[in-house]
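Chain order of the listed sequences is A and B. Heads up, the first sequence stops at 954 in our numbering, and the numbers go up one at a time, no gaps. Heads up, the second sequence stops at 133 in our numbering, and the numbers go up one at a time, no gaps.
Derived, one-sided and incomplete: chain B residues facing chain A with beta-carbon distance under 8 Å:
#1 59
#2 83
#3 113
#4 120
#5 121
Below, in silico cross-link-like pairs of lysine-lysine (DSSO-like), each with a Cα-Cα straight-line distance of 27 Å or less:
#6 312(A) with 253(A)
#7 312(A) with 40(B)
#8 75(B) with 510(A)
#9 557(A) with 587(A)
#10 502(A) with 75(B)
#11 40(B) with 429(A)
#12 184(A) with 151(A)
#13 47(B) with 163(A)
#14 40(B) with 510(A)
Quick caveat, the hints were computed from the structure, so don't treat them as lab data. The beta carbon of each residue, even a glycine, is placed where N, CA and C say it ideally should be.
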Amino acid sequence: MSIKLRELIRSIRACKTAAEERAVVARECALIRTAFKEDDNQFRHRNVAKLLFIHMMGYPTHFGQMECLKLIASSKFPEKRVGYLGLTQLLDENTEVLMLVTNSIKNDMSNDNQYVNGLALCALGNIGSNEMCRALAREVENMMASPNPYIRKKAALCAMRIVRKVDEIEDKFNSKIGNLLEDRNHGVLLAGCSLLTALLEVNPSYMKEFRRYVPSLVRALRNMVTSGYTNAAEYDIAGITDPFLQAKILRLLRLFGERSADATDEMNDILAQVATNTEGTKNTGNAILYECVLTIMSIEAESGLRVLGINILGRFLLSRDNNIRYVALATLQRVVNVDQQVMQRHRNTIIDCLKDADISIRKRALDVTYSLVDEANIKSMTKELLNYLLVAEPDFKEELCSKICMAVEKFSPNRRWQIDTLIKVMCLGGNFVKEQQREKFCRVVAATPELHSYTVIKLYFNMKESLSQEALVHVGVWCLGEFGDHLVSGKAVGPDSQPIHVTPGDVLDLLYDVVRKPPTGEKAPATHCLVTAALIKLVTRCPSEFEKIRKLLRRFDCSLHVDLQQRSCEFLELLGSDWDSHRAGILDRMPVPEKEIGGAETRVVGDASIDEVPTNTSKGKPGKSDLLDLNDLLDAPREQQAPANQAPPPSSGGDLLDLLDAAPAANPPAPQATPEGFLDIFSGTPAASQEAPPMVAFEKNGLKVTFFPRKEADGSVTVLARFANTLSVPMTNFVFEAAVPKYVTLSIQPATGQVLPPQTDLVTQTMSCVNSTNGEKGLLMKLRIGYVCNGAPVQEMGQVGGFPPGF
Amino acid sequence: MIKFILMVNKQGQTRLAQYYEFLSVRERVTLEGELIRKCLSRSESQCSFVEYRDYRVVYRRYASLYFIVGIDNDEDCNELAILEFIHTLASYSGRI
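The whole structure should be built from the sequences, with the hints applied where relevant.
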């Protein structure tokens with residue numbers, strides 16, 4: 148006895164437990180299966196309907212598939228309807244059974260009843276497979292021209308699927324599109340727009356052909372927007388006529404307007420009209436405005452229209468509704484490249500969004516903030532970002548750290564500020580700073596000799612405060628190793644002009660603390676490795692602590708971690724007396740890695756009021772002395788800031804937020820030398836510059852100078868000169884000078900070192916030339932080189948003319 | 038493009054699910070489970086848009102029923118329009 152669908156639902160609902168429900172369903176399935184086997188015509192549609200319900204509950208129902216087919220073949224409408232419903236729900240396009248339906252669908256498409264046609268079209272449009280679509284494409288095409296709008300609409304939607312599934316069939320539908328777009332019925336119009344969008348997606352080359360429809364689309368849109376539209380009441384939602392169609396047309400206009408100035412011209416008026424007339428009080432209006440803004444931003448709009456768009460976004464930002472703010476932030480993220488100035492106006496609002504309670508909004512605000520950072524506002528933006536770092540969730544922190552580091556790298560006005568900020572980031576989020584950034588930081592420090600002592604002092608005192616931040620500890624330990632001598636030399640001067648006294652013993656104690664309590668327990672061996680490296684370097688820098696260092700190193704020589712054990716054993720060996728004479732050379736400062744050297748370092752070192760660089764450092768560079776003469780370098784405004792700029796002394800290092808506040812709000816962004824090609828090292832060489840093969844410029848008496856010329860995108864030539872010392876003794880006080888003919892302008896950067904160690908070619912010097920004859924007359928250079936070798940001064944002259952043509 | 042529509046009650050049971058691209062039953066179940074947990078745990082004041090895997094999800098609550106719609110990511114998808122669509126769907130299927 149077959150029960151009705153309703154009874155079934157009721158009985159399932161009445162079940163109290165899952166087991167009971169399963170029992171009911173199982174019993175019903177058994178009954179249905181028997182009924183199918185007996186080929187019971189009368190209740191078949193009811194059985195299939197019940198099967199559908201059971202399928203929705205999640206039980207397996209594949210035995211009903213063939214029954215659906217039988218129902219579809221029936222001539223009664225209720226049965227057909229259930230049959231098609233079952234077809235679309237129980238089957239999907241990958242089932243082979245589907246092919247059997249093709250003929251039925253074909254017959255139904257030519258049926259007189261429009262609803263039957265509709266059923267067939269829907270079925271094909273929902274789960275038609277490739278073969279079915281191909282077979283029935285012709286029928287669908289014909290139905291698109293039917294006089295009945297109901298059928299036209301469904302046929303157009305079905306055509307969408309056909310176009311997507313079957314290759315190379317679009318041409319057939321192209322001719323029909325025009326009629327659809329001229330239709331008065333909104334349903335057909337909407338379907339036509341969707342079909343057009345699908346066609347363009349499949350084959351973008353049709354864009355030109357379809358552009359002629361833009362005027363009719365504009366007309367349709369205008370009809371809807373202007374009041375007095377006759378059918379307005381029929382399509383009205385919340386006071387706006389057919390918002391769905393408007394949104395669809397706007398999106399279509401966007402596709403047409405992209406990269407096409409003519410199409411854009413036709414659209415400008417209507418876009419402006421929609422943008423100004425639509426009310427933004429309810430979500431409906433806002434949706435239309437949003438679509439409009441997206442379109443304006445994508446097409447080749449004139450600036451007035453763009454400003455209108457951004458103003459709308461600004462209004463969205465100030466709205467109280469979270470959804471709208473989210474949407475505004477997401478769009479701003481995309482348009483930020485387009486118009487920087489206008490964006491800056493909204494900067495404060497965006498920064499406020501960083502502090503919003505809603506995490507989605509915070510995420511978006513972060514993205515936009517990052518895109519907004521540039522040289523002018525780097526300082527205040529970094530302050531905000533650091534504030535945010537304090538309160539961010541852990542999964543956020545990593546991304547935030549890396550973004551801050553990247554921004555700082557690109558835009559920091561001077562070295563000192565860069566190092567300061569990176570140290571702050573490490574103090575706040577040390578466990579999330581990635582390895583690469585720590586390395587970069589070390590490299591930056593190594594490349595700025597003037598700030599060595601400043602950096603090491605700051606790191607020392609920060610580490611004394613707390614050893615919990617891994618990045619800080621790693622970097623600090625490395626710096627202590629490299630530059631520990633600055634720290635204990637007693638010559639360092641604090642910001643209050645008091646000399647800072649740090650004894651070697653203190654340094655050792657600090658390292659001992661690090662060993663005892665490494666910041667991250669699991670990765671302690673990595674920290675210990677760094678500590679051992681630092682210890683061995685300190686042997687030369689703080690000779691008084693020899694024994695203590697040896698004792699510390701001994702701790703690790705039985706370590707279970709192989710790398711650590713190896714290091715400590717080797718270093719202990721190095722402490723032996725046979726190595727006394729060589730130790731100084733082995734443990735000398737690390738040479739600055741080449742990546743830094745390659746670019747032109749036009750970055751100013753920055754205020755160095757704490758920084759005292761005695762001119763008799765082992766690497767005195769006469770070429771750089773003008774950088775140290777700060778009064779000449781800085782212009783007036785910055786001089787006044789010099790006293791204000793002193794961060795609170797690292798010794799009181801404690802309240803980091805004070806550091807952040809001291810980042811003076813009163814600082815006008817100082818006009819600084821633009822950081823140029825240097826940074827491209829990290830982002831990859833710009834494609835426009837060309838490298839030329841290296842050429843030997845000069846070779847004599849064991850000194851070889853190799854030039855690596857590179858043509859930049861702006862026409863200048865950057866030459867990297869590498870000095871190789873092939874002798875077995877070092878060359879000191881190395882000075883390299885070059886002269887060029889009158890039609891070339893030359894600027895030379897200071898060399899990376901004054902000492903050429905034996906058998907190395909590490910020292911380089913960068914020169915930049917601009918040839919005013921644009922390559923007509925070749926580039927020529929006269930060289931003068933002076934150095935001291937074996938105690939005897941040597942002067943050499945040379946000439947270089949073999950530059951590649953065009954340089 | 039709309040990828041799926043779900044209607045879920047407050048207890049987390051899926052009342053209606055319509056998928057517009059093929060996902061196996063296991064994938065569907067995981068998707069529904071995680072997504073429902075995410076949407077139901079959000080407060081009133083938070084915005085209706087969530088990012089989940091490679092979809093953008095728009096949801097709205099009507100009485101004890103949540104309408105959840107998943108759309109394609111990284112398109113010029115108008116989330117506000119989808120929100121409007123949900124509202125229309127809900128008003129024409131129920132008594133709102």
